[in-house]
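Colleague: So the chains spell out like this:
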Amino acid sequence: MKKIIFTLLSIAIIFSSCKKDDEPEFDRQALLDNMATNVIMPYYQTLNSSLILLHTEATEFVANPNSSTLTDLRVQYLATNTAYQHCSMYNFGPAMDYGIKAALNTFPTDSSKIETNISAGTYTVGSLSNTTAIGFPALDYLLYFGTDAEIITKFTSDSKAANRKNYLTDLTSKMKAEFQPVLDQWNGTYKTTFIAADGNDVGSSCSYLLNEFIQDLELLKNARIGIPSGQQTGGATLPQYVEGYFSNKSMSFAKDQLDGLKIAFTGGTGIGFDDYIMDVEGEEVTTSLATNINQQIEICFSKMALITNPLSTEVNTNFAAVNTLYLEIKKLLVYCKTDMTSMLGILITYQDNDGD
Amino acid sequence: MTAISKIKSTFFNWHREIPATTLAVYRIFFGALMLFSTARFILNGWVHDFYIAPKFHFTYLGFEWIPYPNPTILYFIFAMMLLSSIGIMLGFFYRFSAFAFFILFTYVELLDKTTYLNHYYFVSLVAFLMIFLPANRYFSLDEYFGFVPQQKTVPNWTISILKFQIAVVYIFAGLAKLESDWLIHAQPLKYWLHTAHHFPLFGDLLKQDWVAYFFSWFGCIYDLFIVFFLLNVRTRIYAYFIVIIFHVTTWILFPIGVFPWVMIFATTIFLPEKFHSSILNFLGKIFNRESKSTLRSTYFVGPDYKKIVHFSLGLFIAIQILFPFRYLLYPGNIFWTEQGFRFSWRVMLMEKTGYAEFYISDPESKAQWPVNNSDHLTRLQEKMMSTQPDMILQYADYLENQYRDTTLYLGENVFTFHEPEVHAEIYVTLNSRPSQLYVSKEYNLAAIENNLSDRYWLEEFKE
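Each protein sequence line maps, in turn, to chains A and B. Heads up: the first sequence runs through residues 1 to 356, numbered per the numbering used here. Heads up: the second sequence runs through residues 1 to 463, numbered per the numbering used here.
If you are wondering where the hints come from, they were derived from the structure by calculation, not from laboratory data. Be careful, since some hints might not be right.
[Said to hold, decoys possible] Here are the simulated EDC-like pairs of lysine to aspartate or glutamate, each with C-alpha atoms no more than 16 Å apart in a straight line:
no.: 1; chain 1: B; residue 1: K152; chain 2: B; residue 2: E17
no.: 2; chain 1: A; residue 1: K331; chain 2: B; residue 2: E17
no.: 3; chain 1: B; residue 1: K113; chain 2: A; residue 2: D352
no.: 4; chain 1: A; residue 1: K165; chain 2: A; residue 2: E60
no.: 5; chain 1: A; residue 1: K331; chain 2: A; residue 2: D352
no.: 6; chain 1: B; residue 1: K441; chain 2: B; residue 2: E459
[To be verified] Short derived list, chain A residues pointing at chain B, Cβ under 7 Å:
no.: 7; residue: V202
no.: 8; residue: G234
no.: 9; residue: M343
For every residue, glycine included, the Cβ atom is placed at its ideal position computed from N, Cα and C.
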């Protein structure tokens, strides 16, 4: 018996050691290393510097509110938002601990709550009830709610101008202050923790990446496109529910977010989920699921290109195009939620399983 | 002796007296394993996660009437399960303990089919059998205290029926593997093994296709024939060695829980008697106890004893053999329709993942509302429900009740539901096939009864 086992083991080891050398070695640790080093941390770095600049621009604007400083602040707001969209899906680890996703981008924003806060002059920007009155969507309102002249007036001659100035810088200061420790933790020990959790069980980094990738894609489908266009509510369109309602940049934000998801899927120029999929499939597969997903992402981009900013009017004037986009994102979601999840064997819950 | 006569003598000489050691050891193993497995379940926090956290419970057809316990009672039940498994292990108030364990364990299993596992079913069946076996007549506290007379022998049927139960598990698991996904495509094992590459030394090996085919074919042959090798006196020791290797391998590779250990300990029943008596000698030394008496059997309860044994065993065996074949009564692919899938020893056969979107609509007010599944189900429940037809219907039924006569608001829009319809769009991928539509929006699922009839409302399966 021992002989048989020894023989079997020897054969196995010989077979495994005569693998072709030229095929690239895939392993989850390499994927995580690439995601941390070349994707998550650089994008986090960009977002962090961008948030710092945003606060600087906001401070300059309130010091001297005119059309020039407003323009500068708006440019920086849009750039920071783009940076955020590329980080939006990494909602785990430090970002999860600090509640970044809810703090930075809960939309639609509640403009009446913002006005109430400004009138009162006393508020806690971090309180749960103010989640809909802070972050990018609140800035979107403050910087775009009317004509340039109206906005500048609100920050200069209005009776509550001082309060409004404080509110604006309180928001940008909070955003900056909240994200800094997230980046610090990644620069500290979390990167090592992240790469070391290379299993496929619950709590592994791959399970975080996959789950948050899917959740963010659902956010795109439901919150960004579905709800405003009435997909979720039997045709009753809700234009005011779009992201970036006041700046009219809803489609730009959606494109940025999808771009972030695409980079998360491909791992940028390095090892990503697409390589993982191809590794599991092996060589005999004719059309890789990775190819299908990449193509579907491109289809979604092309459908997005047919819709112009702002989405809030397009949901009524160009409904067919919005509807098509919704269905294409849904196709992408089906690929990711069923085929990809199934193939990567990443567990979503901790439970015994006998495969039935 | 030929294999056939060997099997005949093992299974059919029901009233031959055999040493009581085997049954006593089996009792100790079973009690100890149940103690471990129940403690593990509690310590993992699963009592809360699986039975307290869910708002809605997927009951079994025919058992909807079972009352759902509150958390305090639930923890009390698990505490009683611990105590009764200790009772089984020590042979202390054995019959009562076995009965209590069977009732409590089965009751908990029946609360929610989300957590159905074949090995839980196996445990329920063995616990049921244990109630009727005189496993406390030797090396037990019951006989030590004189509650029951000591017996050095027990009738052969007490062991045979346990062997039969193990044979059922293996052989049906083997028969279930005789299908093309498993044998021709080596799925789902191939992809499962591909993702197991983080194992040192063997990681790369597990990615090789031939390894998947080897595991698939070996697993199938193992399941079909291992019992026969275990029954054969000349091969049983080697066969048991294979049992250990096989189950330890599955334990390392897959998140399969205690099942491998259940089978490794259960199959000791096939080992020679001297294995069991050496275990008892060992335990006897620890507890400074020697078996002393050589009393003859005294369980002869009456003239109808043999008739009752024959009838009950015959009935049990017939049900065990016929029940897993009920899938033959239904058209379609069993992996797709899952008619007759549970309670038929289909283990490790299927990788099925789904994505389910449910919509509530009211035909009168024309209101429509998408359901956020996580508002109603735990992640595990959602995952299981998305691919299992009976759970889809149960969930639809639950949603109908949840949304009946409700009004929802979104901005200035008002959505009113009186007699809501529940539609769903569900996509499923099965054993590495591309995802395909499983349930279309066409049916009002709330109007479809969850019963044993054909699942016509599922989309057709595309190979």
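Colleague: So, for every hint listed, does it hold in this structure?
Modeller: Here's how the hints hold up against the structure:
Simply put, B:K152 and B:E17 have alpha-carbon atoms about 9 Å apart, close enough for the 16 Å limit, and the pair holds. With a CA separation close to 66 Å, the supplied pair A:K331 and B:E17 exceeds the 16 Å bound. Between the alpha carbons of B:K113 and A:D352 the distance comes to roughly 14 Å, so the proposed pair stays at or under 16 Å and holds. A distance of roughly 11 Å separates the Cα atoms of A:K165 and A:E60; the hinted pair therefore holds under the 16 Å criterion.
For the suggested pair A:K331 and A:D352, the alpha carbons sit about 31 Å apart, so the restraint of at most 16 Å is broken. Using a Cα cut-off of 16 Å, the hinted pair B:K441 and B:E459 holds, with the two alpha carbons roughly 11 Å apart. With a cut of 7 Å, the hint placing A:V202 at the interface with chain B is violated, because the nearest CB-to-CB distance is about 9 Å. Look at A:G234: its Cβ gets to within about 3 Å of chain B, closer than 7 Å, so that hint holds up.
Here the hint on A:M343 is kept, as its CB sits about 6 Å from the closest CB of chain B, short of 7 Å.
Of the numbered hints listed earlier, those contradicted by the structure are 2, 5, 7.
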